[in-house]
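Chemist: With the sequences and hints as input, model every part of the structure.
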Amino acid sequence: MMIDSHCHLDFKDFDKNRAEIINNALVAGVHTMVNIGADLQTSINSVKLAEQYDFIYATVGVHPHDAKTFNPEVEEQLRRMIEHKKVVAVGEIGLDYYRDLSPRNIQEKVFRRQLEIAVEKDLPVVIHTRESFRDAVDIVSDYAGDLPGGIFHCFPGTVDDAYKVIDLGFHISVGGVITFPGAKMATVAAEAPLNRIAIETDSPYLTPMPYRGKTNQPAYVKYVCDKIAELRGMPAEEVEKITDRNSQRVYRLVDVFGG
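Under our numbering, the first residue of the sequence shown carries the number 1068, and numbering increases by one thereafter.
Think of the hints as simulated: they come from the structure by calculation, not from any bench.
Heads up, a few of these hints could be off.
[Stated by the list, open to error] In silico lysine-lysine, DSS-like type, Cα no more than 27 Å apart, as pairs: (1) Lys1176 / Lys1135; (2) Lys1079 / Lys1115; (3) Lys1251 / Lys1289; (4) Lys1079 / Lys1135; (5) Lys1083 / Lys1135; (6) Lys1308 / Lys1152; (7) Lys1308 / Lys1231; (8) Lys1083 / Lys1281; (9) Lys1152 / Lys1188; (10) Lys1153 / Lys1308; (11) Lys1231 / Lys1176; (12) Lys1083 / Lys1115; (13) Lys1188 / Lys1176; (14) Lys1231 / Lys1251; (15) Lys1153 / Lys1115; (16) Lys1251 / Lys1188; (17) Lys1115 / Lys1289; (18) Lys1176 / Lys1083; (19) Lys1281 / Lys1079; (20) Lys1153 / Lys1289; (21) Lys1188 / Lys1153; (22) Lys1281 / Lys1251; (23) Lys1079 / Lys1188; (24) Lys1289 / Lys1308; (25) Lys1188 / Lys1115; (26) Lys1281 / Lys1231; (27) Lys1083 / Lys1289; (28) Lys1251 / Lys1308; (29) Lys1115 / Lys1135; (30) Lys1153 / Lys1079; (31) Lys1079 / Lys1308.
[Stated by the list, open to error] With beta-carbon atoms standing in for the labels, derived distance ranges: (32) Tyr1164 / Pro1302: 19 to 27 Å; (33) Ala1303 / Gln1108: 33 to 41 Å; (34) Lys1308 / Phe1247: 21 to 29 Å; (35) Arg1201 / Ala1086: 25 to 33 Å.
By construction, the Cβ of each residue, glycine as well, lies at the ideal position given by its N, Cα and C atoms.
Modeler: Set out below in structure tokens:
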């Protein structure tokens, strides 16, 4: 049984077959999915989806691409949603210097504000970084002592970088990219502490081999798990067990599943 720690099932890519995609995941042995908010509307959609399915949980937050849309009204709505019992984290938040769809100073301001909310509400965070890892770590360091951890999703760094994140009390997550030929992330998946790694799909993006080029879906998290097992020379069942517990721990799902 597996947990997809990061997916976007509410996105329009799944409007025509969402129920089928969710069923595919269950058939593939994915027993839990964490649906990630990226702006106000997707956060609303994420909570609605979590209300429909016992095994889907939600996060709420504003992605750096949309930081320019963050305002007091958006913050107030996010705060209300955070109180929902199916909301397990604040995110996806962070910095993105690759596309720079919001000014960098606004990205930092909104990132910090959402970290402050997470501290106030005692919730973990889901962090997006793209060509911004050093700045993101510096900012998170300012709050790490008060945050209950979180996940650096689709981890972009080196093994040494992974240890920096772990030292701050965070987990990392890896996805389909590690299955690509020559993927640098494979080294992290092979060498970083397994008890700090979660697996994800980031559906509908970053589809793993052998389905690269098609729309990603939570059922394909199996290929991420299998690749980690191959890289580390251990049974896939053991990787499943450990990464499941990691996601349960970071999202505080242990009370749901026991332990």
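Chemist: Hints first: check each against the structure and report whether it holds.
Modeler: Each hint, compared with the structure:
| no. | hint | verdict |
| --- | --- | --- |
| 1 | Lys1176 / Lys1135 | holds (10 Å) |
| 2 | Lys1079 / Lys1115 | holds (15 Å) |
| 3 | Lys1251 / Lys1289 | holds (20 Å) |
| 4 | Lys1079 / Lys1135 | holds (22 Å) |
| 5 | Lys1083 / Lys1135 | violated (30 Å) |
| 6 | Lys1308 / Lys1152 | holds (25 Å) |
| 7 | Lys1308 / Lys1231 | holds (24 Å) |
| 8 | Lys1083 / Lys1281 | holds (15 Å) |
| 9 | Lys1152 / Lys1188 | holds (13 Å) |
| 10 | Lys1153 / Lys1308 | holds (23 Å) |
| 11 | Lys1231 / Lys1176 | holds (23 Å) |
| 12 | Lys1083 / Lys1115 | holds (17 Å) |
| 13 | Lys1188 / Lys1176 | holds (18 Å) |
| 14 | Lys1231 / Lys1251 | holds (18 Å) |
| 15 | Lys1153 / Lys1115 | holds (10 Å) |
| 16 | Lys1251 / Lys1188 | violated (36 Å) |
| 17 | Lys1115 / Lys1289 | holds (26 Å) |
| 18 | Lys1176 / Lys1083 | violated (37 Å) |
| 19 | Lys1281 / Lys1079 | holds (15 Å) |
| 20 | Lys1153 / Lys1289 | holds (24 Å) |
| 21 | Lys1188 / Lys1153 | holds (14 Å) |
| 22 | Lys1281 / Lys1251 | holds (22 Å) |
| 23 | Lys1079 / Lys1188 | violated (30 Å) |
| 24 | Lys1289 / Lys1308 | holds (12 Å) |
| 25 | Lys1188 / Lys1115 | holds (21 Å) |
| 26 | Lys1281 / Lys1231 | violated (34 Å) |
| 27 | Lys1083 / Lys1289 | holds (23 Å) |
| 28 | Lys1251 / Lys1308 | holds (25 Å) |
| 29 | Lys1115 / Lys1135 | holds (24 Å) |
| 30 | Lys1153 / Lys1079 | holds (22 Å) |
| 31 | Lys1079 / Lys1308 | violated (32 Å) |
| 32 | Tyr1164 / Pro1302: 19 to 27 Å | violated (39 Å) |
| 33 | Ala1303 / Gln1108: 33 to 41 Å | holds (37 Å) |
| 34 | Lys1308 / Phe1247: 21 to 29 Å | holds (25 Å) |
| 35 | Arg1201 / Ala1086: 25 to 33 Å | violated (42 Å) |
Checked against the numbered hints given earlier, this structure breaks hints 5, 16, 18, 23, 26, 31, 32, 35; the rest are met.
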